[in-house]
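Participant: If you want the building blocks of each chain, they are given just below.
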Amino acid sequence: MINEFLNMGGYGFYIWMSFLLVTVFCFLLYYKTRKTLKKYEKELALELEKLPIEHRKRIARSSKVISSILASQNKLS
Amino acid sequence: MNIFSFGNIIIYIDRFIKFINSIFFVILIVGLSFALIISPIDYLQGDTVRIMYVHVPSAWIGLSIFSIIAISTILNYVFKIKNLFLLLKSLAPIGLLFTGLSIVTGSLWGKPTWGTWWAWDARLTSMLVLMLFYVLFILSLKYLKDKENLPKILSAISILGVINIPIIKYSVEWWSTLHQPASIKFLGTSSIHYSMLIPLFLMLLVLLLYCALIFLMKYKTEIIKIKKQNIKRL
Numbered sequence: 477m478i479n480e481f482l483n484m485g486g487y488g489f490y491i492w493m494s495f496l497l498v499t500v501f502c503f504l505l506y507y508k509t510r511k512t513l514k515k516y517e518k519e520l521a522l523e524l525e526k527l528p529i530e531h532r533k534r535i536a537r538s539s540k541v542i543s544s545i546l547a548s549q550n551k552l553s
Numbered sequence: 169m170n171i172f173s174f175g176n177i178i179i180y181i182d183r184f185i186k187f188i189n190s191i192f193f194v195i196l197i198v199g200l201s202f203a204l205i206i207s208p209i210d211y212l213q214g215d216t217v218r219i220m221y222v223h224v225p226s227a228w229i230g231l232s233i234f235s236i237i238a239i240s241t242i243l244n245y246v247f248k249i250k251n252l253f254l255l256l257k258s259l260a261p262i263g264l265l266f267t268g269l270s271i272v273t274g275s276l277w278g279k280p281t282w283g284t285w286w287a288w289d290a291r292l293t294s295m296l297v298l299m300l301f302y303v304l305f306i307l308s309l310k311y312l313k314d315k316e317n318l319p320k321i322l323s324a325i326s327i328l329g330v331i332n333i334p335i336i337k338y339s340v341e342w343w344s345t346l347h348q349p350a351s352i353k354f355l356g357t358s359s360i361h362y363s364m365l366i367p368l369f370l371m372l373l374v375l376l377l378y379c380a381l382i383f384l385m386k387y388k389t390e391i392i393k394i395k396k397q398n399i400k401r402l
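Listed in order, the protein sequences are those of chains A and B.
The opening residue of the first sequence carries number 477 in my numbering; numbering runs sequentially from there.
The opening residue of the second sequence carries number 169 in my numbering; numbering runs sequentially from there.
Because the hints were derived from the structure by calculation, they are not lab data.
A quick note: this is a predicted structure, and the numbers were derived from the prediction, not measured.
Hints should not be assumed to be uniformly reliable.
Said to hold, decoys possible - Straight line, CA to CA, 25 Å or less: simulated BS3-like cross-link-like pairs of lysine-lysine:
| id | chain 1 | residue 1 | chain 2 | residue 2 |
| --- | --- | --- | --- | --- |
| 1 | A | 540 | B | 186 |
| 2 | B | 337 | B | 279 |
| 3 | A | 518 | B | 396 |
| 4 | A | 518 | B | 250 |
| 5 | B | 315 | B | 248 |
| 6 | A | 540 | B | 248 |
| 7 | B | 310 | A | 508 |
| 8 | B | 186 | A | 511 |
| 9 | B | 393 | B | 248 |
| 10 | A | 540 | A | 511 |
| 11 | B | 250 | A | 540 |
| 12 | A | 508 | A | 518 |
| 13 | B | 248 | B | 313 |
| 14 | B | 315 | B | 250 |
| 15 | A | 515 | A | 526 |
| 16 | B | 393 | A | 508 |
| 17 | A | 533 | A | 515 |
| 18 | A | 518 | B | 393 |
| 19 | A | 533 | A | 518 |
| 20 | A | 508 | B | 186 |
| 21 | B | 396 | B | 313 |
| 22 | B | 186 | A | 514 |
| 23 | A | 515 | B | 313 |
| 24 | B | 250 | B | 310 |
| 25 | A | 515 | B | 393 |
| 26 | B | 315 | B | 396 |
| 27 | B | 396 | A | 533 |
| 28 | A | 533 | B | 393 |
| 29 | B | 313 | B | 250 |
| 30 | B | 396 | A | 526 |
| 31 | A | 540 | A | 514 |
| 32 | A | 508 | B | 396 |
| 33 | B | 248 | B | 396 |
| 34 | A | 518 | B | 310 |
| 35 | B | 310 | A | 514 |
Next up, chain B with everything else stripped away, as it sits in the complex (with noise of 0.2 Å):
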């Protein structure tokens, strides 16, 4: 029995969803209680703070999936696995929209922070070059009529979009920017106190539940597709 087969997958997608359905509320209502009412304020920042519970996530969010369609894209272009193809074409508009969403909430904590919306900063330009890229892999996808090298093409985007990963993270640090430094360190000591710690993984739980139900359902839509045009050979 082929577990990857279309049949098997739509089985466990819909179990999925009916998961995420059961438990998604209740994970959102803890979260934003800790987001809101119960994390502590900064003694710098103020109540302003509470914007990195949907900031932060958002950009962890945005960075991932650009970086697992890229490795998608370059595995579907040696490979040509029908399913990575899938796959990338249904997270690339839940990664633009939160790329989209961290440039936001960014500006919006950027004025009583810094008192700007913008600055053509590094940490911010790469983001908002990130944010491009993904609107030409989606525009790519959506318009481009030639289907032979629309893997040569998707792979070129992608791989020139990942080199831009590693400069969002480290521009921080190699340049002089209204950015902060990264607070929380996966290999090392986080700057950053439990109770806010809390809250921030609570909603990074709440919004990757959401990727989730959203890529299963999009994914579920593009097996329906491809059903629906070879409906006339089964």
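Looking at chain A on its own, in the form it has when it is part of the complex (with noise of 0.2 Å):
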């Protein structure tokens, strides 16, 4: 029964080549993205922590950007 799924009538490997392609490419895509936001995130978070703390928690309650960055930086660390 495995078998004859696998083999889809005969056209086994067009149908799972094309749902293979699919998936690969897709997951490769969203790798790179999540890959992206991630080292962006990382390098503002660090950018900030250069900067005085004063200076770092004023930004942070000006700007939901920052502080939503630095917020889920914290959980990370």
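Join these two chains into a complex; the hints should help.
Facilitator: Set out below in structure tokens:
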């Protein structure tokens, strides 16, 4: 029964290859996108760390983007 | 309160990413079960019809994204809206991926059905042209240093590219092609049974959720890049 399912009426190669290629390329784009996002989040957090603590707190209060990045980085660390 | 400010947008992005992550795998498993197990075989094509469940949604997504990009590029050129520029920058790679996947899966469907991997017929060639426009658009975004003329160049590419969209859509009616005519009509009666329509729309939903996830992550990256550049001014 499993062999029949994998064979797909003799067209298994074409069907499985289609689904496999879609999965692999979608995963590669997801992986690359996530890696880039994490890299920029980390870089921004490092730049913020270089600032004096008072300045950093003021920025975090005034910018939701910065406070969200700092919060996510704090969670990670 | 400006809901379109980067601060508010990033909060919504995080919420949407969490939401998509929470439902994605359930819908993926249901969609794949329908596409690979539950849906019936075609009386002519047999099991090869299952390739339709990834091929057709990929083609729809590739076409829709280019149309969105074309509208956004023109609006960005006219009104200089920064958010639109980030939107098209985030969408273009997703559109390229799905246009490429529709061509490759179409080729894998073509071999057992038509007996050939590729034919220079109107539908296949016009899809290849769309992919080339995506490549040109992304290369311009990445490598053009002339930031002043970039919106003009992007508008020109997308206007030329969007002319190709109706050609793709009607190529199967205007010319004699190997590719079959449309079975699914949004304005009219579809010639496809609901037992095949359900898996098709489920797989479309899966791929749309994936597109939304990638788009949101890319959009967030672009916002962070801007904040990083402006950190000294904060």
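Participant: Against each hint, give a clear statement of whether it holds in the structure.
Facilitator: Evaluated hints:
no., hint, result
1, 540(A) to 186(B), "18 Å, holds"
2, 337(B) to 279(B), "22 Å, holds"
3, 518(A) to 396(B), "11 Å, holds"
4, 518(A) to 250(B), "24 Å, holds"
5, 315(B) to 248(B), "12 Å, holds"
6, 540(A) to 248(B), "24 Å, holds"
7, 310(B) to 508(A), "16 Å, holds"
8, 186(B) to 511(A), "17 Å, holds"
9, 393(B) to 248(B), "19 Å, holds"
10, 540(A) to 511(A), "22 Å, holds"
11, 250(B) to 540(A), "18 Å, holds"
12, 508(A) to 518(A), "15 Å, holds"
13, 248(B) to 313(B), "18 Å, holds"
14, 315(B) to 250(B), "13 Å, holds"
15, 515(A) to 526(A), "17 Å, holds"
16, 393(B) to 508(A), "16 Å, holds"
17, 533(A) to 515(A), "22 Å, holds"
18, 518(A) to 393(B), "11 Å, holds"
19, 533(A) to 518(A), "18 Å, holds"
20, 508(A) to 186(B), "19 Å, holds"
21, 396(B) to 313(B), "20 Å, holds"
22, 186(B) to 514(A), "16 Å, holds"
23, 515(A) to 313(B), "24 Å, holds"
24, 250(B) to 310(B), "17 Å, holds"
25, 515(A) to 393(B), "10 Å, holds"
26, 315(B) to 396(B), "19 Å, holds"
27, 396(B) to 533(A), "16 Å, holds"
28, 533(A) to 393(B), "20 Å, holds"
29, 313(B) to 250(B), "17 Å, holds"
30, 396(B) to 526(A), "13 Å, holds"
31, 540(A) to 514(A), "18 Å, holds"
32, 508(A) to 396(B), "20 Å, holds"
33, 248(B) to 396(B), "21 Å, holds"
34, 518(A) to 310(B), "23 Å, holds"
35, 310(B) to 514(A), "20 Å, holds"
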